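Spelled out, the chains give:
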Amino acid sequence: MRFLHPLAADSDGPADLLGAKARGLIVLRRLGLPVPPGFVIDARACRAHLRIGRFPAGLDAELAVAVRDLEAATGRRFGGRERPLAVSVRSGAAVSMPGMMNTVLNLGLTRDATAALAAETADPGFAQEARRRFLISFAAAAGGAGDVADDAMSQLRAAVGAVFSSWRTPRATTYRELHGIPHDLGTAVIVQAMVFGNRDRRSGTGVAFSRDPNTGRNEPYGDVLFGRQGEDVVSGESTTRPLAELAHRAPGVWRDLRAALHRLERHYGDACHVEFTFEAGRLWLLQVRPGGLTARAAIRTAVDLAEEHLIDRRTALRRITPHHLRQAHTPRVRTGDGVEVLARGRGASPGVATGRLAVTADRAAEMAADGPVILVRPTTSPLDMHGLAAAGGIVTSKGGPTSHAAIVARAMGKPAVVGATALTVDTAARSVRAGERVLGEGTIITLDGSGGEIVIGDPGADDAGADGHLHRLLDWADAVSGDRSPRSAEQRLSDAQARLRDIAA
Amino acid sequence: MTSSTRPVVLHVLRCIGFAELSRVADAAGLAEAEAESDLIDLAVAGLVTRTGGQFGGWGLTDAGRAEDARSTAEELAAAGARAAISTAYERFMVLNPELLELCSAWHLRAVDGSAAPNDHSDGGYDARILDRFVDLDRRADPVCGELSAALPRFRRYRARLTTALDRARSGELEHLTESMTSYHTVWFQLHEDLLATLGIPRQ
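Which chain is which? The protein sequence lines are A and B, in order.
So in the UniProt record's numbering, spot 270 of the first sequence is number 270, and the numbers just go up one at a time.
So in the UniProt record's numbering, spot 25 of the second sequence is number 25, and the numbers just go up one at a time.
Errors might be hidden in some of the hints.
To be verified - Restraint ranges, calculated between C-beta atoms of paired labels, are given here:
hint, chain 1, residue 1, chain 2, residue 2, range
1, A, Pro-14, B, Glu-75, 37 to 45 Å
2, A, Ile-444, B, Arg-138, 42 to 50 Å
3, A, Pro-170, B, Glu-174, 24 to 32 Å
4, A, Asp-200, B, Glu-90, 36 to 44 Å
No lab work stands behind these hints, which were simulated from the structure alone.
This structure is a prediction, so every number in the text was calculated from the model and none was measured.
Even for Gly, the Cβ is constructed at its ideal location relative to N, Cα and C.
Whole structure, please, built from the sequences with the hints as guidance.
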């Protein structure tokens, strides 16, 4: 095999060609954690494809062999009329690159294979839904062009080619320009046997952090969607549940997930997060990445990991950057005892804002004469601009950090939370609903544009200055540098890091 | 003359929201006196209103919104432009996420794995973003052309986008995302205009 590598514990393809996602999957395999069987097509195949406009010689044959191996490993047939094998096809970057084809799910569900899946599971609705998801994700990948071949290998080749070609979309090119990523790298492609989070009531999908990424608290944190497939979590189209609900709804999955996160922290010596799916009560891990914490959480985690003896104090000091210290001073809303979190979204413009709830731009502009207002909208249009200008903070229930609302909020320097999917805005009733809670216009709420929390009332804000973990870290820094004179936190850290570099040299 | 520009002014308010006279005139491509005359006529007809206070300005009434929806639909049908505008809208929506990502990159920059405010101390980073704005604008140009060919009132967006980009390139960087006549603001209004013209609700 020249281009293909199995996702196996003993895979040793060059890291830069396999991509971060495949390397993470191989780490999971080495640690004995559950990963759906599959293979990775390395970036050389993509580079060749971009150069010559078609698959390089030998790739078709390698794909055929790899699919046969996957059939043998799963005891299934790709596109088969009995026990059909379906696969996911994903690009290999750890962070999805805007404009690149990301994921095709349930590939290989031809008409025959879908009928076979329906017969095998005795659940035609599930099989049809799986095929529908395939057709939608495939059409998005192929740019809506052409019909879907009713042949599994043709589908696979088309999807792999679509991932390769998407490297060159203008949007992906722009992303690479902005982030200093060379244009000739190309992407790996990962093909794995499907696991179905939409299989039954004991199935689902989610994202799990080994520690709270906002605070660093040593408890698994994340979102889960029961009875759904992976993309639903990322798309924000469905309302997710807090990860801890797994504990009573799928206790076996919860136990295995906690054990896996613990094992991964010991391996990386750092907090980490995973994407996971569970099918009929069985856990599968689909991606792992270390880190991913906000600055204050990163500081707390580095200190906690040192005190848990997973890393030494010097490693903790090296891991924290001056940027972390600066970021840690961004005010954050107080949470904890007695503070009721109404909903969470994504922080889109940092800062904490408190004010009276308004659900239309007109009312926000009127109410602003009597003090601070928080404008809560499903989404925003230019017709809301006077309300955005009048408000002290902005919440949208839809959209992401690159929505028009997020951009306007940042341009105006106002704290904002977007994508708070649990909120329903009722302009007629002048209220906002979150589950059982209904808040009328004028209710005091507070939002945190870093962590994405929306809380009822005004619990106040604090910054890392009062944080015991930061003090401990800086004590360790002074012990290393031997300098206990009063200096800024950044200076104390950089003195210690300079001393550590001297020792290493 | 005034009467023929009245629907233009009405539709501008539909796309830019509450605004002072100067912004209305700029968006409509009219002298302020002309725009004001139209606004007063429209106010007499109950289609627009002027609110006071810090965040006030000229804005549509409910009747004005309904009248604009009617006249815009009539205009689209009379010009036989629905198919052309729909096609251009699809092409606009390919560019839209990239524009939004560029604006976000202008505000926030990945540092040590998390997003930090872009403090504009790195001229090279800012220059790369500006280059990509110029590149995107070049690709937006044929879309603007198709829109203008289908309905001439869309020409004004091309002019306003060019003004914003030229000012940013000459060093007035607030005209990328910050000002009320910034590239993003004009683009956002063009987006709203396409939705309003085609009668598509905002997602």
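Hints that the structure is at odds with (numbers, increasing):
1
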